Amino acid sequence: MTNDAQSAPPRQQANAVVTVDTGSGDTTYLLVHGIGVSSRSFERLVPVLARSARVVAVDLPGFGRNPKPGHPMGVEDFAAAVAAVVDDLGLAGCVVLGHSMGAQVVTRLAIDRPDAVSAVALMGPVMDPRDRTPFRAAALLALDTVGESPRANVVVLTDYIRCGLRWYLTVLPSMLTYRIEDDVPRLDQPVLVLRGERDPIARVGWVSVLAASARRGGARSIGGSRHLAMHAKPEQTAALLAALAGVAR
Numbered sequence: 023m024t025n026d027a028q029s030a031p032p033r034q035q036a037n038a039v040v041t042v043d044t045g046s047g048d049t050t051y052l053l054v055h056g057i058g059v060s061s062r063s064f065e066r067l068v069p070v071l072a073r074s075a076r077v078v079a080v081d082l083p084g085f086g087r088n089p090k091p092g093h094p095m096g097v098e099d100f101a102a103a104v105a106a107v108v109d110d111l112g113l114a115g116c117v118v119l120g121h122s123m124g125a126q127v128v129t130r131l132a133i134d135r136p137d138a139v140s141a142v143a144l145m146g147p148v149m150d151p152r153d154r155t156p157f158r159a160a161a162l163l164a165l166d167t168v169g170e171s172p173r174a175n176v177v178v179l180t181d182y183i184r185c186g187l188r189w190y191l192t193v194l195p196s197m198l199t200y201r202i203e204d205d206v207p208r209l210d211q212p213v214l215v216l217r218g219e220r221d222p223i224a225r226v227g228w229v230s231v232l233a234a235s236a237r238r239g240g241a242r243s244i245g246g247s248r249h250l251a252m253h254a255k256p257e258q259t260a261a262l263l264a265a266l267a268g269v270a271r
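If you count the sequence shown from 1, you need to add 22 to reach our numbering.
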């Protein structure tokens with residue numbers, strides 16, 4: 023071992039930050055956002071879910087209110103960061119909703135911590151194998167903004183500015199190389215794969231294949247919405263999540 027290796031400080035665990043913990047009920051929803059954005063992407067969904075359930079939302083390391091760690095992080099690292107929140111709050115049997123890259127994170131969380139997850143909802147999951155290049159990912163994200171609401175685009179734009187290009191590009195390779203299609207079949211929990219009806223990123227063929235690969239899987243499209251379906255149609259999204267929670271009981 024070299025002197026440099028002996029003197030190198032251990033890498034500290036970068037944890038997720040809880041930004042929402044509201045509501046009460048028999049069900050707890052744990053919400054995980056996608057790349058570049060923050061828990062604000064769930065701003066319209068949270069109050070609907072909180073009418074009858076506890077809702078916890080987090081900002082992943084380097085996004086939203088959470089400072090950037092001093093080292094790169096991948097999907098598995100983000101899942102560990104969310105698992106730390108699970109332990110801190112004493113959560114168990116959550117219905118987890120992951121949006122976009124967050125779908126990768128909650129899939130990994132459900133594998134690593136089955137005690138914490140009773141059901142898995144994947145909203146607009148990435149990445150379709152045909153789109154796993156930086157250019158394709160950027161082009162599809164840009165295309166999606168054309169049809170999102172002004173408010174949704176404000177949330178996305180301001181979060182992306184806060185995230186910054188350097189951290190985005192640090193995380194992007196992990197998102198593009200993580201094979202969610204290899205992990206979804208490993209899940210024992212019921213899995214619901216959701217997409218906005220006009221989502222250019224999570225297209226219907228990809229969503230159908232992913233849902234069919236799950237041991238207990240299903241797929242639904244949410245009409246009148248795109249990649250940020252939970253922002254455009256919070257009531258419909260909440261109803262689908264409530265049905266999933268019922269299956270998990």
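Worth flagging that the hints you see were computed from the coordinates, not collected in a lab. A couple of the hints might just be wrong.
Claimed, not checked - Estimated spans, in silico, between C-beta atoms of each pair:
1) G92 - L194: 11 to 21 Å
2) R271 - P156: 18 to 28 Å
3) R238 - G92: 32 to 42 Å
4) R271 - P94: 36 to 46 Å
5) T199 - V231: 30 to 40 Å
6) L111 - A161: 30 to 40 Å
7) A264 - S171: 17 to 27 Å
8) A164 - R238: 19 to 29 Å
9) V168 - E257: 18 to 28 Å
10) A264 - D43: 11 to 21 Å
11) V176 - K90: 15 to 25 Å
12) R271 - R208: 28 to 38 Å
As the list claims (entries may be wrong) - With a straight-line Cα cutoff of 20 Å, these simulated EDC-like cross-link-like pairs (lysine to aspartate or glutamate) come out:
13) K255 - E170
14) K90 - D181
15) K255 - E219
16) K255 - E65
Owing to the predicted nature of the structure, the values given are computational and were not obtained by experimental measurement. The beta carbon of each residue, even a glycine, is placed where N, CA and C say it ideally should be.
Here is what the structure says about each hint:
1. Between G92 and L194 the beta carbons are some 18 Å apart, a value that agrees with the proposed interval 11 to 21 Å.
2. The hinted window of 18 to 28 Å between R271 and P156 is violated, with their beta carbons roughly 41 Å apart.
3. Between R238 and G92, the C-beta spacing of about 40 Å keeps the proposed range 32 to 42 Å intact.
4. Separated by about 39 Å at the C-beta atoms, R271 and P94 satisfy the suggested range of 36 to 46 Å.
5. Between T199 and V231 the CB atoms are about 18 Å apart, so this pair departs from the stated range of 30 to 40 Å.
6. For L111 paired with A161, a C-beta distance near 38 Å keeps the hint of 30 to 40 Å intact.
7. Evaluation of the 17 to 27 Å hint for A264 and S171 yields a pass: the beta carbon distance comes to about 24 Å.
8. At about 35 Å, the CB distance of A164 to R238 disagrees with the hint of 19 to 29 Å.
9. Restraint check, V168 to E257: a C-beta distance of roughly 24 Å satisfies the suggested window 18 to 28 Å.
10. The supplied range of 11 to 21 Å is met by A264 and D43, whose beta-carbon atoms lie about 19 Å from each other.
11. For V176 and K90, the hinted distance range of 15 to 25 Å is satisfied, since their beta carbons lie about 22 Å from each other.
12. Distance hint for R271 and R208: a CB-CB separation of about 22 Å, inconsistent with the stated range 28 to 38 Å.
13. Restraint check for K255 and E170: satisfied, since their Cα atoms lie roughly 11 Å apart, inside the 20 Å limit.
14. For the proposed pair K90 and D181, the alpha carbon gap of about 13 Å is at most 20 Å, so the pair holds.
15. Of the supplied pair hints, the one linking K255 and E219 holds, its CA atoms being roughly 11 Å apart against a limit of 20 Å.
16. As the CA atoms of K255 and E65 are separated by approximately 12 Å, the hinted pair is consistent with the 20 Å bound.
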